[in-house]
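*Asks:* Here the structure of chain L is known, so what remains is to put chain C in place on it, guided by the hints.
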Amino acid sequence: MHVKKSDFKRQAILDAAYRLFRAQGFEKTSVAEITAEVGGSKATIYSHFPSKEALFVECMLAAAENYTAGTLKHLDTSRADPELALRNFGTSFLSFICSPEQLEVRRLMIAEAARSGTGKLFFDKISALRADVSAFLSARMASGTLRADDSNLAADHLGALLEAEILEPLLLQVREVSPEAEEIALAVKRAVAAFLRAYAPAGRQRRPLRRRRRHGAPKNDWRVPPPGEKESHSA
Amino acid sequence: MKTKTEGKRLAILKAAADVFREVGFERASMSEIRARIGGSKATLYNYFPSKEKLFFEVMYHAKELELASITHTLNPDADDLKEELLHFGQRLLAVLYSPEAIAIRRLAIAESRHSNIGKIVFEGATLPIEKQVAEFLRKGMKGGALRTADPKTAAMQLLSLLESELLQRVLLGVVSSVKPEALNSAARRAVETFLSGYGRR
Numbered sequence: 001m002h003v004k005k006s007d008f009k010r011q012a013i014l015d016a017a018y019r020l021f022r023a024q025g026f027e028k029t030s031v032a033e034i035t036a037e038v039g040g041s042k043a044t045i046y047s048h049f050p051s052k053e054a055l056f057v058e059c060m061l062a063a064a065e066n067y068t069a070g071t072l073k074h075l076d077t078s079r080a081d082p083e084l085a086l087r088n089f090g091t092s093f094l095s096f097i098c099s100p101e102q103l104e105v106r107r108l109m110i111a112e113a114a115r116s117g118t119g120k121l122f123f124d125k126i127s128a129l130r131a132d133v134s135a136f137l138s139a140r141m142a143s144g145t146l147r148a149d150d151s152n153l154a155a156d157h158l159g160a161l162l163e164a165e166i167l168e169p170l171l172l173q174v175r176e177v178s179p180e181a182e183e184i185a186l187a188v189k190r191a192v193a194a195f196l197r198a199y200a201p202a203g204r205q206r207r208p209l210r211r212r213r214r215h216g217a218p219k220n221d222w223r224v225p226p227p228g229e230k231e232s233h234s235a
Numbered sequence: 001m002k003t004k005t006e007g008k009r010l011a012i013l014k015a016a017a018d019v020f021r022e023v024g025f026e027r028a029s030m031s032e033i034r035a036r037i038g039g040s041k042a043t044l045y046n047y048f049p050s051k052e053k054l055f056f057e058v059m060y061h062a063k064e065l066e067l068a069s070i071t072h073t074l075n076p077d078a079d080d081l082k083e084e085l086l087h088f089g090q091r092l093l094a095v096l097y098s099p100e101a102i103a104i105r106r107l108a109i110a111e112s113r114h115s116n117i118g119k120i121v122f123e124g125a126t127l128p129i130e131k132q133v134a135e136f137l138r139k140g141m142k143g144g145a146l147r148t149a150d151p152k153t154a155a156m157q158l159l160s161l162l163e164s165e166l167l168q169r170v171l172l173g174v175v176s177s178v179k180p181e182a183l184n185s186a187a188r189r190a191v192e193t194f195l196s197g198y199g200r201r
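Residue numbers (the working numbering), protein chains in the order written: chain L, 1 to 235; chain C, 1 to 201.
Mixed in with the good hints there might be a few duds.
As the list claims (entries may be wrong) - Restraint-style ranges between C-beta atoms, simulated for each label pair:
hint	chain 1	residue 1	chain 2	residue 2	range
1	C	Arg113	L	Ser143	37 to 47 Å
2	C	Ser185	L	Ala69	25 to 35 Å
3	C	Val23	L	Glu27	13 to 23 Å
4	C	Asp150	L	Ala69	33 to 43 Å
5	L	Ala36	C	Arg21	39 to 49 Å
6	C	Glu57	L	Ala69	36 to 46 Å
7	L	Pro50	C	Lys41	33 to 43 Å
8	L	Ala36	C	Pro128	42 to 52 Å
9	C	Gly39	L	Ala69	52 to 62 Å
10	C	Glu57	L	Thr44	42 to 52 Å
11	L	Gly39	C	His61	44 to 54 Å
12	L	Pro50	C	Gly24	23 to 33 Å
For the record, the hints were derived by calculation from the structure and aren't laboratory data.
These numbers come from a predicted model, not from an experiment.
Ideal Cβ positions, reconstructed from N, Cα and C, are used throughout, including at glycine.
If we strip away everything but chain L, and leave its shape as in the complex, we get:
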């Protein structure tokens, strides 16, 4: 693939800015300093990014954008089973946001947002990323595997359920070590189970994935349990 020379420059600027912002914060980092690292003039930087604020937001969210582009396939709406699709998504999402680097980005973003006026820029970008989750849920609602509701709200609720058990102690550094895959998998399983129960179509009860698969997975995503059948608890 042909990569333009200016794309290399842009990436070099993003890398240098990311390193400097993380090391010294937004205020203490100057565009001149970034220029000194990557060469060229301030004008070069401003030809790629309209302002220091925009550059800050861009380099902080670059990893998140790359991640989202790579994760979308987990949200493939053609997948037969929403539970599986959501679990795959949840696992990858939680592993990403709980990585030491992303936790630091989040802390810095929150610390600087109010001070530097970059909060709105951050929020708009993050909302655009969330729109992909929302679109996935919306398609499920349209096909009747989830009950019809505001898909943006459902995306907020799904995100909150996924983060519920793990994020806050990490963000507050009460807990130093990011969770292992096994812990993430369990938290995701409980979050997705609660989400699917909450957003199940009216009158339908979801049967847990585990049992259904053991008996040879039927094609239907959802089924009506026979009267009197006890719901099994996975949590």
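*Replies:* Okay, now just chain C, sitting in the frame of chain L:
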């Protein structure tokens, strides 16, 4: 170096509280606080190493007490579990989304690497609330109003749902305050989702 006195400390806290209330956290300055109490800047910094620490000291304990008073109102014997959770959720959000509590929260996250503020907030506010809510839910499960599950997980999920529409927006300063009606309806949607997930059908 002079020894620190409790009287002086309280005088600083009082002056700081006034300044924070008058101009807000962002615009408040250590020199303004110093001007109100007299003495040198060095003395002030001897008591409180930063504006952040001082702010935390001034605001946190009041908020902690407010939060405690809310969790203790959760009544497991109430007739209507949904109403009880709703009422709790709405009162909780009203406290958490006051400008002071938001500033504390932001500070706790931002400063967690350099100070123990994060730990203080987590152990003083997050954990006790979580525990109270889990206890309430455990009784609800035992009484049959909720399906049986791990009450601690359920509590964390409920608390996270309650903030799902607001947290990011407010921490990033996209909105500086949230109207009570907006808090109440977000709480309602969260409680409804929670009960669809945990209610008996």
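*Asks:* Each hint: holds or not?
*Replies:* Hints and how they fare:
no. : hint                              : in the structure
1   : C:Arg113 <-> L:Ser143: 37 to 47 Å : 45 Å, holds
2   : C:Ser185 <-> L:Ala69: 25 to 35 Å  : 34 Å, holds
3   : C:Val23 <-> L:Glu27: 13 to 23 Å   : 20 Å, holds
4   : C:Asp150 <-> L:Ala69: 33 to 43 Å  : 35 Å, holds
5   : L:Ala36 <-> C:Arg21: 39 to 49 Å   : 43 Å, holds
6   : C:Glu57 <-> L:Ala69: 36 to 46 Å   : 45 Å, holds
7   : L:Pro50 <-> C:Lys41: 33 to 43 Å   : 39 Å, holds
8   : L:Ala36 <-> C:Pro128: 42 to 52 Å  : 49 Å, holds
9   : C:Gly39 <-> L:Ala69: 52 to 62 Å   : 57 Å, holds
10  : C:Glu57 <-> L:Thr44: 42 to 52 Å   : 46 Å, holds
11  : L:Gly39 <-> C:His61: 44 to 54 Å   : 52 Å, holds
12  : L:Pro50 <-> C:Gly24: 23 to 33 Å   : 29 Å, holds
In this structure, every one of the numbered hints holds.
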